[in-house]
Structure formats: structure tokens, C-alpha cells
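*Asks:* Going down the list, the protein sequences come from chains A and B.
For the first sequence, the tail end lands on 897 under our numbering, and the numbers increase by one without skipping.
For the second sequence, the tail end lands on 1124 under our numbering, and the numbers increase by one without skipping.
You may find that some hints are simply not true.
[Unchecked claim] Far from chain B, some chain A residues (derived; all Cβ distances over 12 Å):
hint, residue
1, F39
2, Q103
3, Q170
4, N201
5, L243
6, S339
7, V402
8, H477
9, V490
10, Y497
11, R501
12, V529
[Unchecked claim] Calculated lysine-lysine pairs in the BS3-like style (CA-CA distance at most 25 Å, straight line):
hint, chain 1, residue 1, chain 2, residue 2
13, A, K452, B, K1111
14, B, K1117, A, K461
15, A, K315, B, K947
16, B, K947, B, K1107
17, A, K71, A, K398
18, A, K398, B, K1107
19, A, K398, B, K969
20, A, K459, B, K947
21, A, K459, A, K335
22, A, K461, B, K947
[Unchecked claim] Computed footprint of chain A on chain B, listed as stretches where at least three residues anywhere in the stretch have a Cβ under 8 Å from a Cβ of chain A:
hint, region
23, 942 to 953
24, 974 to 986
25, 1053 to 1059
In short, the hints are calculated from the structure, not lab data.
Every residue, glycine too, gets a C-beta built ideally from N, C-alpha and C.
Each chain, written out:
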Amino acid sequence: MLRAALPLLGLPLAGAGAAEEPTQEPGSWGEPPPGLTLFRWQWHEVEAPYLVALWILVASLAKIVFHLSRKVTSLVPESCLLILLGLVLGGIVLAVAKKAEYQLEPGTFFLFLLPPIVLDSGYFMPSRLFFDNLGAILTYAVVGTLWNAFTTGAALWGLQQAGLVAPRVQAGLLDFLLFGSLISAVDPVAVLAVFEEVHVNETLFIIVFGESLLNDAVTVVLYKVCNSFVEMGSANVQVTDYLKGVASLFVVSLGGAAVGLVFAFLLALTTRFTKRVRIIEPLLVFLLAYAAYLTAEMASLSAILAVTMCGLGCKKYVEANISHKSRTAVKYTMKTLASCAETVIFMLLGISAVDSSKWAWDSGLVLGTLFFILFFRALGVVLQTWMLNQFRLVPLDKIDQVVMSYGGLRGAVAFALVILLDRTKVPAKDYFVATTIVVVFFTVIVQGLTIKPLVKWLKVKRSEHHKPTLNQELHEHTFDHILAAVEDVVGHHGYHYWRDRWEQFDKKYLSQLLMRRSAYRIRDQIWDVYYRLNIRDAISFVDQGGHVLSSTGLTLPSMPSRNSVAETSVTNLLRESGSGACLDLQVIDTVRSGRDREDAVMHHLLCGGLYKPRRRYKASCSRHFISEDAQERQDKEIFQQNMKRRLESFKSTKHNICFTKNKPRTRKASRKKDGVANAEATNGKPPRDLGFQDTAAVILTVESEEEEESDSSETEKEDDEGIIFVARATSEVLQEGKFSGSLEICPSPRIIPPSPTCAEKELPWKSGQGDLAVYVSSETTKIVPVDMQTGWNQSISSLESLASPPCTQAPTLTRLPPHPLGTEEPQAPLDLSSDPRPSFAFPPSLAKAGRSRSESSADISQQQELQPLMGHKNHTHLSPGTANSHWCIQFNRGGRL
Amino acid sequence: MRSRNTALSLPDPSPFLLSHPPFHWLGFRRHRSLSTVMGSQASTLLEEIKKETGFSHGQIIRLYSRFTSLDKGDNGTLSWEDFQRIPELAIDPPGDRIINAFFPEGEDQVNFRGCMKTLAHFRPIEDNEKSKDVNGPEPLDSRSNKLHFAFQLYDLDEDDKISRDEMLQVLCMMVGVSISDEQLGSIADRTMQEADQDGDSAISFTEFVKVLEKVDVEQKMSIRFLH
């Protein structure tokens, strides 16, 4: 490897003389000319962070470039490419600056670059797998590392005694042991980087990877002990010092783990109380984990162990406590940080290697070290595996052992440690540095390159990535119980016994203490899987552009209905009849339990009583989009409001109906029918005017907004509980601004629709349809005003014709009539199939004010149908105009709320 | 369901270890190693168990001492109560079913040999066993036998099918009270749908095996018996 690096070095050095200006040259421009300047260049003030950002940027760009070619990345691990890139960049820097800059500083490495990687790996460690193999992992990590350190150190010393190492390498046994201790530890960063791409089976992976994480404690202890021995001088080392060294092994490892667990506990406890400040949840995770790292580092305990344990320990509770969005945020941030750090580490490793001033070459030492670390690693693995296999349920076979020996990669930790050596105390430091660089490069590049073909050639069992299924989850649970029971019978308190014990303890005390009550209540793994499966189904279903009502595409499980009865009936229907068209109705029929009816009534009442913000939204939207006629718009709004008021008074006098709110609603519905023109028959109501609707909509908006607000708080809570899909017709994000404005206007009933029932699931489609012009808000807004005039006229006439709209009752009995939905339904499928835009070519029947409405309604209906399935994430995808109404749709969990 | 008390009160009419009267008295000596008191017939019995179950000599003796310590009635068999006396087992959700699985069909007592046969399901599969005995009877610890053991826990009415109700019962056991019945129902439905391939609304053993084909049953249904 070094051979490759040398020419690189040579070139830059030769060119260095010519290049007079170092990279920071721009900084010299920074002198501001006297007097007031228009433009100032202040490089020095931003230099440090700027450079950091720049390096990360370069690394990320490099990553992108690497991945442009699938072929290259499939053959060469990314870490190799990054190291090579680092070599090149280092060469360039050296050439330009004449001195090696931007080295991998141990301080930076340990304090900033390493923690994210370790946290990431600890947090996402498959804990079950980890604890299943804990024995093996610990053995390899402790015994294996000790073995490697001592044998390698001793063998190198022997090599020196044999005269194979040049005499200029001045090192005694202790020095070699020190070197052995730092070179022997398998490096988590390198292992992760390489093994992630190899995809060996998970047991093998967890063993190698777990070892690389846990051996940190041993490495730290060995390194510190040896280092202090070297500094004391071997003559001064007392027996008690050896004992202290042994004791410190326990202190450092157990202490580190304890620190991690304490912080995990704190973290879990803190997230329990973040209900109202969801936004800082991800931050808490990172802060406390980092605090754990720093605390351990401060107390010279094993920081890696601390963070690993912190991540491992807190995950279960934190994930249960924080909201869904925070979970995603944590995940991505963690992955991003880790990936960043990893990239930078490898690149800096490459750059650091260029600096020839730091190292001195000795072939004997380098070759000897390479040979010994490979040999003793293999030997150690074989011996330990033989021992472990006496106890393991599934013995590790020879192929596993080969991969484990070969996967013992060394990396940046070793490099950072060797840089930290004190040259005055360890005269051979330069040689050690060179050797370490070679070893790291050899393992990362040569072994990293070859391990994939090797794994393929040996036919190592690969990991199969399969999605979890409910059956699997359930049956594995059963297995666990069976095993625990059998262990009880046998009277041997083994692993399963203790795991069972732990789980009970966890359930009884820990979870109750650390999980928020709502999360604890519904905490169940089987349920979790069920929930996730449902979401996945739903998302994929929606992605395929499926229409929920067209049953053919509908995977039943993806549409969990509120209660099992409905579910079964639906499934049976589908299975037997295969006719999905009426699926929707059937569900409704089945769900007619008293409670559901109650819910439905409530829901309809609310639907009638709460208004959709749509109109307002549109208007404000138009304000943004169409600036020129803003004023005109304003006028129209006022006009509408006035109209509405008049209409309402008119109505109330005419029919003695006190549900004023409901009326507009019903009219809306009818009006929709009008627009649709074909659906009227179902409701039997005469078409009503559109204009009225518009006016009504304006005022109504406010209320619905309020509802939304209150809902949003509720939905937050819901986030955490199992299966709640919140379908928001309006993507809240987009509209938020408007809401705030509108809120003041109306004191509206604070009633929040109870968790919608199965039946209600349908309702959203139906009830919600009325409102939206989805795609082209500006267009619709333009249209509406014109229509309003005619609509208004019609509305009045229709009002009279409206005897007494069965608005309040209708919903409960026949859910469709009260809402425009019924009328819409037939249309919805049509619109759905076609691109929404075509709908803007209005059907003639819509010529009146109805146009925008009907179109939008179709869209709405579509979206609302989809939304229940889409979960929160998808809200943003909805076209901004869509949603006025905010529906909480709860599947299966009716009782909860 | 079972007449539990008969076994305790009777002086034990049934000979210990499958009609080996000479060893009946072994049952009264707790913790005494089988080998020390072993006559020729005992050793043949031991050999039989060894052959049948694949347990090693040491394991059998160790398990025997456990067996006698569980056997409070000192009658060479374990009854329902004997099992129930194991504290952890009593609180294991599917504990009852697992206890049931120990008893041979239609009986409420299990002798040492039967017990060993059940336990043998949980032996880890060893390499050398995979190769040997291709023609012989399938060892008790084979994958399919392990799965079958689990399957039986679900299949209460022993019709070789897991119906939805049976699935629901298991779910009720395994899932905390926090999940409502409705939710359980939908989980059960989904589980059934996932596994049910022939559309008979029940999971047959073949379907059961198929669902779990990706699962490392060999490991997840094995425990380590001390030597």
C-alpha cells in the first residue's frame, strides 16, 4: 500500500516548491481597504468551520461520485475508495501547502468523529441478536483482544530479539506490548464499513461487530496500562501496578457500561415528559448520548462502551415515547451523522498517511506485524471458537471462523491511539506509526476488497432480508415462552430463564417507569408488527395508485377495520365473492353496532356543525398567487359573507331549524349533487345552489380550523398510540399560516370528533368531498366568484324549495344523504382514474358555480379515501388545495380514545 | 379436565419407567444418581432413552434427578400438580399448554421416558446427526418435530389445523391486556390471512411450516442441556 502512496508523495513534494501560494491564500485578500468598504472578505473569521464544512462536503461529493458507478461500488468498498481519495487529496494539499495539513487529530477523532458512529451502531443494534450472542461476543472482545495484544506484542519483541527488526527501532518488551495493545483491537468503524456491504448472516455479523464495539474497553485499559508502564519505566513497575492494571479492566469496562446505562435511563425518563415539546425529542437523544460519551471519557472509562450501552438500553423506551416523526428524525440524523463521520475518518486517514514526517519505515517491523496480527487473530479465533462451541446451541463452523479471522479489520482507532503516543517516552513511535498506517491500509483495502469475493467463494450463509410477518413474530414469541417453560421444567436456569425474568421485570417496573402511560398501554411487539405491516401495506397500496374502493387491488389486511367483525366479514366477502366494488358499503353494514352508530351520529353532527376552511384557504391562496386582484377578492369575500348572513337569517325564519350550522352543510351536499348532476337520484333532494355554499364556506372555515388545532394536539398524542391514521384533508403544513389568522375570528365549538368509527372512515370521503379545488387553486378562485352570482340566485330559490332538509338525522340513518358524498361517490372513481387535471374541463352540468366544487370534491374524495391509509408522512404530498376537513380516522382502536 | 389427584394418593400402581418393576423404587430415592443404582435393566433402559432421544448419559442422569425432585408423589410419574408446582411455569402464559404437551394422549401422568421424549424436542440439532441416519426415524429434535411441537400448542382440538379461534386464544395469552379484543381479532385475522394459503380459514401444519421457513427454528427452539 505504501508503495502506492510513495509516488504520490514524491510528486507533491517536487511540485511544492513551485506552488507558492498555499490554499488559504484567499485569506490574504481579507485586509479591508481603508474607509468604508462595500465588500469585505473575512476569511479568517470563518476559516475553521468553513474548512470543516468544506471537508465534509468534499467527502460527501466523493461519495456521490463513487456511487455513480454501481460497478465500482459493488466491487470496492467505499472505505477503500475514501482512503484512496484521502491519499490523493493529501498529496495535493501537501503539494500546495508544502506541509501536511488536515490530519486526523486524535482529539477530533475521539471527541467528534467517533461518537456518532458508535451511537448509531449502539442505537440500531439488534438487541435480541446481540444478547443472544452475548457470550460469544464478550469472549472474543475480552479474551480475544487480550490474546491478540499479548501475543502480537510478544512475538514482535521476539522478532526484535531474533534480529529481524532493524536495531534502530528502539523498543523494549513493554513498548512492543503497548504497540500490540493498540494494534490488536478490531475497529468498529472499519468493520462496520466493510461488513455492511458484505451481508453475511446476522449471527456472524453481530459477533464480529459486537466484538469490535466491546473490545474498546480492553483496548483502552491495555493501552493506558502499557502506556503508563512505559512512561514509568519497566524497572519501576511494582506488582501492585499489575494488579491495578487488572482491576482497571473491570473498572473501565463496567464503569463505562454503567455510565451508559445511567444515561440511557435518564434519556428514557426525559423523553417520557416531552409530550408538549415534541420538537426537541431528537435533540435529547443526541445530547444525552453524547453526554454519556463525554462523561465516560472524562472519567477515563470506556466511552465507546458507554455510548453503546446507552443506545442499546434506551432505544426501547425512547422509541415508545417519542413521536413517530421524531423517530424518523432520530433515525435519519443518526445515520447521516454516522455516515458523515465515517466518510471523513477514512478520508482523513488517507490524508494523514501522506505526512511522511511522522513515520519511519522498517520493513521487518511492518511485515512482522502484518503477519502476526493475521496469524494470531486466526489462531485466537479458532481456539476461542472451539471453546465456545462447547456451549453454543448453534456451533460456529469453519467458514464462520475464516470470515471472523479475516474480518478483523483495524482502523482509525488504532491510528489515533498511535498518534497519541509520546515520542519522548516511546522512541520507536515513528516506526509504530508507519506500521499502524500500513496495517490499517492493508486491512481496510486488501481485506476489505477481498472479503466479499471470499464470502461468496466460501458460500457463507448470507443474511436474508425478509420482512417480518405477523406469524413469525407471534410464533417466535411462542417459542420463547416454550423455551422458558422447558428450562423451568428442566430446572436449569439458563439464558431463556433469565431473559424471561428480565422481561417480566421490565414489564412490571422499568417500562412503567420509563414509558409514557399511553405508550405503555399499547406496548406490545405483536401489535407493533401488526401496526407496521398495516402501514406498509397502506403505503404500498397508495403508491400503486390504488383506489380503496376497488377491491381488487385491496389487500385486506391493509385496511384494518375498527373491529374484528367488520374485518372478518370484509375479508370473507372479498374472498368469497371477489367483488370489491361494494366493499365499502359492506363494511358499513357490518359495523352497525350501537357504539358505532353512536359514533357515527356524533361524527355526523360534528360534520354538520364544523365547517371546512376550504373557501378561506382558497382565498388566501389566491392572495399569494394572484397578487393583482387581491383587492377584488377581498371584496368578494365580504360580499360572500354578507350573502351568507342574509341567507342564514332567511332560512332560520323560514324553517324553524336551530341547527344553523348544519344547514349550510346540507346545502353544500345538495349543491354538490347538483354539480355532479347524476347522483341526485340517490338523495332525492333537489339540487341546491352553489353560491350559497361558497358564502357559507367562508365563515365556516374558522371553526374547522379550530377543530384542527385541537385535533392536532390530540393527534400528537395519537401518534404514539398504535394504529391511528390521521387523515387531514388539508395538509396542515401548508395552511398553517392561514389558520392562525382565521382562528381569532370565530369562537367555534370545541368539540372534537370522536375517534371515527369504521363507518366514519367512509364518511370522510363523503362528507369531506364538498370542498376542494385541489390542483389549481388560482383557477378555482377565479371561477368561483363569477359563479357565485348565479349560485346565489339559485340558492335562494332552492332554499325555498328546501322544505326541511333532513340534515341532522339523515347522517345517522343513511350516512350518505346528508353529505354530498353520496352524490359524489359515483363520480369519484371516474375522476380518480383520470388525471386530476382533466377534470378542469368542466362537465356542462357544472357550468354553474358548481364547477370548482365538483371537481375539487372528486379530488377530495379520492384523497380522503387514500389518506386513511397514508399515515402522516403523506400529508405533504397532498396537493395544497385539497383538504379542509380534518379527519381523525382510527382503525381498530376505537376503544382507546 | 384431568383427574389430577389420583396419582398423588395412590401408592403408584404404574411401574416406573415403562414396566420395569425393579426400578420402581428408584423413584423414591431422590437425587440419587441413576447410574449408581443401575442394574442391567436400568442400563438397557438408559440406553433406550439415549437412543430414542439422543441425550447423553450425563444429561439423562441429570434430568433424572430433576425428575425425581419434581415428583412429589414419589410414584415415578409426574402429574399435573407436579408441573404446576414449578413457580415460573405457573405464570408462564402458555404454561398450561406446555404442561399438557408433556402428557401422552389421554393420560394425566407422564413417566421419565415420556418426559425425556418431550424434552428431546428441544435438543439443539447437531451436525453429526444431520448426516447420520438418513433412513432411520426422524430424530425428535429435527426441525419439523420442533415445529410440530409448537403447532400442537396452537391446535387445541387436535384436528391438525389452527382455526381462527385457536389463534385468537393463543394471541390472548401472548398479548397483554392492553390490547383490546377487537384489535386482537384483527391481528388474528391478519395472521390467519398471512399463513392461510388454501383459503380454508385455518392453518394447516404445512402452512405453518411454510410461514416459518425463514425462521431459524433450529436455534430458536433449542435450549442447552447441561452435560
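*Asks:* Next, verify each hint and record whether it holds.
*Replies:* Here is what the structure says about each hint:
no., hint, verdict
1, F39, "65 Å, holds"
2, Q103, "46 Å, holds"
3, Q170, "51 Å, holds"
4, N201, "9 Å, violated"
5, L243, "34 Å, holds"
6, S339, "29 Å, holds"
7, V402, "17 Å, holds"
8, H477, "5 Å, violated"
9, V490, "6 Å, violated"
10, Y497, "7 Å, violated"
11, R501, "8 Å, violated"
12, V529, "9 Å, violated"
13, A:K452 with B:K1111, "23 Å, holds"
14, B:K1117 with A:K461, "17 Å, holds"
15, A:K315 with B:K947, "45 Å, violated"
16, B:K947 with B:K1107, "31 Å, violated"
17, A:K71 with A:K398, "31 Å, violated"
18, A:K398 with B:K1107, "29 Å, violated"
19, A:K398 with B:K969, "46 Å, violated"
20, A:K459 with B:K947, "35 Å, violated"
21, A:K459 with A:K335, "30 Å, violated"
22, A:K461 with B:K947, "32 Å, violated"
23, 942 to 953, "violated (count 0)"
24, 974 to 986, "holds (count 4)"
25, 1053 to 1059, "violated (count 0)"
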